[in-house]
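There are 2 protein chains.
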Amino acid sequence: MSAPAQLIPRSTAGVADRMALSAATATGVHIDTGEVPAWLARHRHGCGTQVRRIDFAELDHWSFAADSGNLHHSSGKFFTIEGLHVVRPEAQWQQPIIVQPEIGILGILAKEFDGVLHFLMQAKMEPGNPNLVQLSPTVQATRSNYTKAHGGAEVRYLEHFLDPDRERVLTDVLQSEHGAWFYQKRNRNMIVEVDGDVPLHDEFCWLTLGQIVRLLRLDNIVNMDARTVLASAPTAPAEPQALSSDADLLAWFTGERARQDVHIRRMPLREVAGWHSDERAISRDDGRFFKVVAVSVEGAGREVRGWTQPIIEPVEAGIVAFAYRLFDGVPHVLVHAMVEGGFLDTLELAPTVQCVPSNYAHLPAAQRPRYLDLMLGAPAERIRYSTVHSEEGGRFLNAESRYLIVETDEDTTPAKAPPGYQWVTPGQLSWLAGHSRYINVQARTLLAVLSTGAADLGRGTAGARRLP
Amino acid sequence: MSAPAQLIPRSTAGVADRMALSAATATGVHIDTGEVPAWLARHRHGCGTQVRRIDFAELDHWSFAADSGNLHHSSGKFFTIEGLHVVRPEAQWQQPIIVQPEIGILGILAKEFDGVLHFLMQAKMEPGNPNLVQLSPTVQATRSNYTKAHGGAEVRYLEHFLDPDRERVLTDVLQSEHGAWFYQKRNRNMIVEVDGDVPLHDEFCWLTLGQIVRLLRLDNIVNMDARTVLASAPTAPAEPQALSSDADLLAWFTGERARQDVHIRRMPLREVAGWHSDERAISRDDGRFFKVVAVSVEGAGREVRGWTQPIIEPVEAGIVAFAYRLFDGVPHVLVHAMVEGGFLDTLELAPTVQCVPSNYAHLPAAQRPRYLDLMLGAPAERIRYSTVHSEEGGRFLNAESRYLIVETDEDTTPAKAPPGYQWVTPGQLSWLAGHSRYINVQARTLLAVLSTGAADLGRGTAGARRLP
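Sequence lines, in order, name chains A and B.
Residue numbering for the first sequence follows our numbering, starting at 425 and increasing by one per position.
Residue numbering for the second sequence follows our numbering, starting at 425 and increasing by one per position.
Just so you know, the hints here were simulated from the structure itself, not pulled from any lab data.
Be careful, since some hints might not be right.
Chain copies aren't distinguished; within one or between two, either way the pair holds.
Straight-line Cα separation of at most 20 Å, SDA-like style, residue types lysine to any residue; simulated pairs [stated by the list, open to error]:
(1) Lys-715 to Glu-740
(2) Lys-501 to His-687
(3) Lys-840 to Leu-431
Please build the complete structure, drawing on both the sequences and the hints.
This is the structure in structure tokens:
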């Protein structure tokens, strides 16, 4: 009793080919790549937004709950800042953490112009961005946003993502965000293709992937949300060979996750040990890691006229780095199976190094994070990518990190990786980023760089800071 | 600076081919398939185990905590029975739930004899099995087991799974278990191949996949742990075409997971509303779903001499069924994106129907689970597979369900599936079962049946209850 039906190929290799064509197209139909930074700056000046640090007491509709001390909004929406207790065999700690259980949408609209995919990017202001306005996905909306919990305007283009025709969805996957700052946060990373005419609003522009690649080499231009969506797309070419088979890589990952003994408990912010608060900040007693502070956003002129909010501010700039090697000519990067307290499931694959170096400056070298000194001391001729990016400006204030790809060698990073580390190809990373909870958000930024060709791999010159 | 290295192919298609050869091999080197049920029965009689229902007060080392009322072991190990509060937009409920955060190992040892993979299966007694002894994986061990929290004997063959050579691992993936009864439980599903001699202990036998397939057609022979490990193996052939591409299937899954609004909270067992307890059981006031009871296991003679434990007992036998159709000659089954309160992440893909029918017998047809009546009323000539299997006998008492695969048609189950349902091929299910948290444990039993060829698909006769 076989029914006639329209079967289609399970594999959609065509999408990766079209992404590759777009990545190879350095000129778009809409705006010159070199003009994008100035276009963003115009929007920064145009919006006239000022971000000002304020006392917690000046927060509007935000307050510390009488019982738990948790910082929350009077509507019950947006997010809360609560406490987290993480217990591992070798250490235990308590910390504030952002709790925002709803799943947001990070969506990029795609459309062919002259046979080449272009992506609709937004000049979006976020208060935590060091330069306020960065290149963002078409849609970046929490559920509170699009159900209008803060009484804001419509989210433009949202309708394309709320109920899309599945066959036009190029990618759609739930991805984690920062496990050190967010409790089990995940967002939907989507790219949806459209055929018909789409109105072009003022703060938006169509760019090829090749244009975005060039912008990824500039400091603080492409925001985190755009980077993670690009990393989730099927862009990286699949190498047929690698140091490990895909099955061995999954087995290693399972073993790493299974061997961890991590106990996580949410707790009242009031009771978090080792932290203290004053009028303007909740800080660790030893001054390390991050602070919770409050800002006022004035004259924003986009969704609402202005607002106040708590925000997390790291104490110093971070470093996020992949060790990179060619084995038999095939690129590999060294991933680290890393536990973060806020992960829904224990650990994900992180870059070789991911930390704020100043947190460890007082420690002897042997107690600093593995490979940190190798990355900090990398000679210029080994640096294949070096660009400063900031994290989500809606929740993190000036959370800048230098993202590095450093070519290393057998002496410093042998082919047989130490426990907790593994050499993988960009194609393997991209394959895993097609599913949830394998690749953490910092590694996804570097994957976006690797899979689109934004790093100068194997050419011996740093790719950063060159204007396209 | 490319280093010479031993690259290997990323894809290991060879494993699937060797699994297929084993599935096609109906005769093994060790024991006739037809003798396995008697061999299991001999072990049942040999172990002399008696399982007796007891009062909670007769539990040894188990007690209800003074504050929470949670049922726990004095060692703090094994598991606890606590309360769970599940809130969804359309309903909210409270229930007891098993909390067992540690990750166990379900491992099958594989070895070639005469060029064909055989699998080392165990005749294992578990108190909740209706027939006590079933065919089980080589190793079935909680962390408490192998760290000897209950002072038991060594777990045989465990060393092959604790630190295996990755290249001999045929599959290794964390899989969820029953989300209605377990809080965020997952186990490691492993198949590890060995070359050298392996001592053969009395309660073990080597079987080809073809032999296990025939045993999967008999009631209560192959235990749940063996079924889920087999489902996680790369056995199903990958169809090149399907009703949906793999990318569309993932996009649909992401949309289903993202649209759910589920709030889960653990709570003290004492405070669970709608349930009551007496000396021998914790039951729902309306008698539906399941009970928590206690058993004494006497004369077990395996790891320890005897023990007592709490255990979950469903109120009636269940039904677990896939609607099955051929589209253009390609087999598809209808999966249901199903929320279960104990899932780590909201929902997983379940069979078309999965429930205990008596829980709904009092409701009008329109309020019973979708497709339940279709499955209960399926005419014999549409039934492609029908076998009774029981769930994990270490935690569930007499938890039997009839597992069905029923061929349906366009009238009852159209090619365009309703919201929350999707047609997928066995190859797509198998692909997803290679990762965590896509396919729930009941669907994995049916996947083991589908991917090994244990169902008589397209042949029009029921495959169940025929002795091989």
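Hints, one by one, checked against the model:
With identical chains, the CA atoms of Lys-715 and Glu-740 are at most 20 Å apart within one copy only, with a shortest distance of 11 Å there and 54 Å across copies. Taking CA atoms no more than 20 Å apart as the test, Lys-501 paired with His-687 passes between copies only; the shortest distance there is 14 Å, against 27 Å inside one copy. Proximity of Lys-840 to Leu-431 under the C-alpha cut-off of 20 Å is restricted to the inter-copy arrangement: shortest distance 12 Å between copies versus 44 Å within a copy.
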